[in-house]
Each structure stands twice: as C-alpha cells, then as structure tokens.
Amino acid sequence: GQQVMQIPQYQHVQEGEDFTTYCNSSTTLSNIQWYKQRPGGHPVFLIQLVKSGEVKKQKRLTFQFGEAKKNSSLHITATQTTDVGTYFCSPSYGKLTFGQGTILTVHP
Amino acid sequence: NAGVTQTPKFRVLKTGQSMTLLCAQDMNHEYMYWYRQDPGMGLRLIHYSVGEGTTAKGEVPDGYNVSRLKKQNFLLGLESAAPSQTSVYFCASSPGLAGYEQYFGPGTRLTVT
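Chains A and B supply the protein sequences, listed in that same order. Residue numbers for the first sequence follow the numbering used here, so the first one is 1 and each next one is one higher. Residue numbers for the second sequence follow the numbering used here, so the first one is 1 and each next one is one higher.
Just chain A, same shape as in the assembly (with noise of 0.2 Å):
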C-alpha cells in the first residue's frame, strides 16, 4: 500500500489567504514531484524536489524538501481563485506512488 501521506485531505480558504499541503513519508525519498489537477482536468506537473533541504519557488508556489528527504510542502501565498483543484505530491523511491491529495477550494 501507499507509504506517503497528504495532509489535509480538504483545504477551505479565502481569496488572499494562504495555503499549505504536506506529504509526509515513512521512508527516505529520492526525489519528489508535485502536480495540480483542475476540477474535471487531469494531474500537470509543477516542480520536482531533489536536494536535502531543498526549496524553489514558482511565483506564489514554494516548494520544501525536507532535511531527511522524508517529507516536502508545498505552500501558496495569497490565494487565488485559479488556484483551486486538487495538488498532489508524488514521492520517488523506487516505485511509483501519488498522495491522496488536498482538494484547495478558494472563496471569493
């Protein structure tokens, strides 16, 4: 079975608040993506994490790689209406697995 959380499952925000997902792993990670899928689209890719520590930023999108390489986050400044969907990370570590994801719905 998996070996990867995501938390939180559902995220609620308000336009201009913020938002993080994390994705928490039992065992040590080569490397991590992370993608976004639109309500009724299909997942796209955002970044990949490799680096111990590792952090990279997309506009409003930061990206954690944890020290140990056991966890990552992903975390969104303001919010947006456009951002909404469903974000997922996907660990590496030799077999090919996706977190549930967190559905991020945005207020207006």
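Simulated from the structure, these hints should not be mistaken for lab results. Heads up, a few of these hints could be off.
Claimed, not checked - In the SDA-like style, the derived pairs of lysine to any residue whose C-alpha atoms are separated by at most 20 Å in a straight line are:
#1 Lys-9(B) x Val-44(A)
#2 Lys-36(A) x Ala-98(B)
#3 Lys-70(A) x Ile-47(A)
What the hints assert, rightly or not - Partial list, computed: chain A residues near chain B (C-beta under 7 Å):
#4 Tyr-10
#5 Pro-39
#6 His-42
#7 Pro-43
#8 Phe-98
#9 Gly-99
#10 Gln-100
Predicted model only: the values in this text are computed from it and were never measured. All C-beta atoms in this analysis are idealised placements derived from N, C-alpha and C, irrespective of residue type, glycine included.
Let chain A serve as the given structure and place chain B on it in line with the hints.
Only chain B this time, still in chain A's reference frame:
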C-alpha cells in the same frame, strides 16, 4: 503535437461486459502508465510499461490487462467489468521511470452498472 490522448472520454458498461481503453502518445516516450482515480484515494497505478512489448503490474492490477504492441500506444482492457471498476482512468507517459515528469491524458470516465 497532441501529447497524450485517450479514447473514449466516457463509457457506461454493464456488469460483465468488456472494453478496451486506448492511450496514445506522440512524444516518443519509453514509459507509459495506467492509473485509476477514485475520490479520496488519489491516483493508483494499475499497470505500466517500460517499453514496447513489456508490461508490469502496479498497485491495483486485478481485473485489468494491458498491452504495448507499439511504442506509442498502451491499451487497458477490462475483460469482465465490475461496479468496483467505476472510476476515472488516466494514462500517462514519461521519458524515464522514477524522477521524470509524467504527462497525463485527459482521462476516461467509466461507469459500470
């Protein structure tokens, strides 16, 4: 350049019927995957292929068969559909296995009654 395409987009089956889902990619990727997506379960890997003529089981392979006769195509078959196979099915492809971006198709919504 269409990327990854899937046919059909929607399908309703009766229990016991069979069908084949077709996935095609035009990016010359070696690796192709079939996932199913159910509410609260994320994406679960059914089968995958590391090249033409090769396939392997994923996390939830029971009740499904696959074939990769051509590099650009990956077929997912349901021999005897069951209501538990009601789901959204996504195909994906990538140039490598772990650590490479996966490109997803638009999905097939399958309902088994």
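Hint check:
1. With a CA separation close to 18 Å, the supplied pair Lys-9(B) and Val-44(A) stays within the 20 Å bound.
2. About 18 Å separates the Cα atoms of Lys-36(A) and Ala-98(B), which keeps this hinted pair within 20 Å; it holds.
3. Under the criterion of a C-alpha separation no larger than 20 Å, the hint pairing Lys-70(A) with Ile-47(A) is consistent with the structure, at around 17 Å.
4. A hinted interface residue such as Tyr-10(A) counts as satisfied when its beta carbon comes closer than 7 Å to some beta carbon of chain B; here the least separation is about 10 Å, so the hint is violated.
5. Taken as an interface hint, Pro-39(A) does not check out: its beta carbon lies about 12 Å from the nearest beta carbon of chain B, beyond 7 Å.
6. Satisfaction of the interface hint for His-42(A) is found here, the shortest Cβ-Cβ separation to chain B being roughly 4 Å, below the 7 Å cut-off.
7. With a cut of 7 Å, the hint placing Pro-43(A) at the interface with chain B holds, because the nearest CB-to-CB distance is about 5 Å.
8. A hinted interface residue such as Phe-98(A) counts as satisfied when its beta carbon comes closer than 7 Å to some beta carbon of chain B; here the least separation is about 4 Å, so the hint holds.
9. For Gly-99(A), the suggested interface contact is upheld, since its CB lies about 6 Å from the closest CB of chain B, less than 7 Å.
10. Hint status for Gln-100(A): holds, given a least beta-carbon distance of 4 Å to chain B, under 7 Å.
In terms of the numbered hints stated before, the structure departs from hints 4 and 5, listed from lowest to highest.
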